[in-house]
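Student: As a plain string of letters, each chain reads:
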Amino acid sequence: MRKVEIVNRIADETDITKVKAEEAVDAILDELKESLCRGESVVLRRFGTFQVREKHARLGRNPKTGEEAEIPARRVVRFKSGKFFKDVVNGDD
Amino acid sequence: MTKAELAGRVADKIHLTKKQTETIVNILFACITDALKEGDKVELRGFGSFRTRSRNAREGRNPKTGDTVQIPSKKVPFFKAGKELREVVDR
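Protein chains in written order, with this note's numbering: chain A, 9 to 101; chain B, 489 to 579.
Don't take each hint at face value.
Heads up, simulated DSSO-like pairs for lysine-lysine below, C-alpha to C-alpha not over 27 Å straight-line [stated by the list, open to error]:
| hint | chain 1 | residue 1 | chain 2 | residue 2 |
| --- | --- | --- | --- | --- |
| 1 | B | Lys563 | A | Lys88 |
| 2 | A | Lys72 | B | Lys568 |
| 3 | A | Lys72 | B | Lys571 |
| 4 | B | Lys525 | A | Lys63 |
| 5 | B | Lys501 | A | Lys28 |
| 6 | B | Lys501 | A | Lys63 |
| 7 | B | Lys506 | A | Lys26 |
| 8 | B | Lys529 | A | Lys28 |
| 9 | A | Lys28 | B | Lys506 |
| 10 | A | Lys91 | B | Lys501 |
| 11 | B | Lys491 | A | Lys88 |
| 12 | B | Lys552 | A | Lys11 |
From chain A, some residues computed to sit far from chain B (all C-beta separations above 10 Å) [as the list claims (entries may be wrong)]:
| hint | residue |
| --- | --- |
| 13 | Arg10 |
| 14 | Arg17 |
| 15 | Glu31 |
| 16 | Arg69 |
| 17 | Thr73 |
| 18 | Glu75 |
| 19 | Lys94 |
Just so you know, the hints here were simulated from the structure itself, not pulled from any lab data.
C-beta atoms are modelled at their ideal positions from N, C-alpha and C, and glycine is treated no differently.
Using the sequences and the hints, build the whole thing.
Tutor: Shown next, in the form of structure tokens:
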């Protein structure tokens with residue numbers, strides 16, 4: 009599924025135009041991005057939580073050449089799905 | 489940030505009411521849960537993709553009683569951050 013299908017469903021289920029719905033979806037994704045960028049978690053009940061985690065530098069290995077390489081410390085986004093979302097995916101809802 | 493705060497911030501930017509924006513937020517996340525339920529994946533350019541991953545059946549243990557229990561195989565939702573999101577967050 010891509011953004012256009014989500015936009016179409018919003019336009020179908022509400023009286024919001026496709027143009028406005030797409031603008032809204034873009035703004036929502038931008039807001040999530042900005043929040044994570046500031047290191048702020050996003051908690052969406054039933055759906056899940058997006059958070060930023062600090063990863064320490066560690067020694068990795070290039071799987072192709074077997075050479076060791078330093079993986080620098082970095083910040084990564086982690087998504088933890090909520091119980092409802094997990095249950096739906098497993099058909100337990 | 490909670491869903492209500494998200495809707496509030498977005499509503500200010502795009503001149504929709506907070507209620508309309510909250511409806512859109514709800515539909516957006518319902519689309520993602522429904523797609524994964526159907527075994528489909530969702531790709532949102534610049535943000536990331538949602539898909540399911542399979543977990544094999546395994547033996548678990550009830551931590552209270554120490555009994556061995558069989559945990560069946562299952563699917564779990566998985567989010568992979570897109571390149572753009574990975575880059576802005578790590579900056």
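Student: For every hint, state whether the structure bears it out.
Tutor: Tested hints:
A hinted pair counts as satisfied when its Cα atoms are at most 27 Å apart, and B:Lys563 with A:Lys88 qualifies at roughly 14 Å. Only pairs whose Cα atoms come within 27 Å are accepted, and A:Lys72 paired with B:Lys568 is accepted, the gap being roughly 23 Å. The straight-line distance between the Cα atoms of A:Lys72 and B:Lys571 is roughly 22 Å, inside the 27 Å bound, and the hint therefore holds. Restraint check for B:Lys525 and A:Lys63: not satisfied, since their Cα atoms lie roughly 31 Å apart, outside the 27 Å limit.
A distance of roughly 12 Å separates the Cα atoms of B:Lys501 and A:Lys28; the hinted pair therefore holds under the 27 Å criterion. Between B:Lys501 and A:Lys63 the CA atoms are separated by roughly 33 Å; this puts the pair beyond 27 Å, and the hint is violated. The suggested pairing of B:Lys506 with A:Lys26 holds, with an alpha-carbon distance near 18 Å, which does not exceed 27 Å. For the given pair, B:Lys529 sits about 24 Å from A:Lys28 by alpha-carbon distance, which is consistent with the 27 Å threshold.
Among the hinted pairs, A:Lys28 with B:Lys506 is consistent with the structure: their alpha-carbon atoms are about 14 Å apart, no more than 27 Å. At roughly 31 Å between alpha-carbon atoms, A:Lys91 and B:Lys501 are farther apart than 27 Å, so this suggested pair is violated. At most 27 Å may separate the alpha-carbon atoms for a hinted pair to count; B:Lys491 and A:Lys88 meet this at roughly 15 Å. Between B:Lys552 and A:Lys11 the CA atoms are separated by roughly 46 Å; this puts the pair beyond 27 Å, and the hint is violated.
Chain B draws A:Arg10 into its interface by the beta-carbon criterion, the shortest separation being 6 Å against a cut-off of 10 Å. Listed as outside the interface, A:Arg17 is inconsistent with that label: its C-beta sits roughly 6 Å from the nearest C-beta of chain B, within the 10 Å cut-off. A Cβ of chain B approaches the Cβ of A:Glu31 within 10 Å, the least distance being about 5 Å, so the stated non-interface status is violated. Every beta carbon of chain B lies more than 10 Å from that of A:Arg69, the smallest distance being close to 21 Å; the non-interface claim holds.
Every CB of chain B lies more than 10 Å from the CB of A:Thr73, the least distance being 24 Å, so the non-interface label holds. Chain B leaves A:Glu75 outside its interface by the beta-carbon criterion, the shortest separation being 23 Å against a cut-off of 10 Å. The Cβ of A:Lys94 sits about 6 Å from the closest Cβ of chain B, inside the 10 Å cut-off, so the non-interface label is violated.
Checked against the numbered hints above, the structure violates hints 4, 6, 10, 12, 13, 14, 15, 19; every other hint is satisfied.
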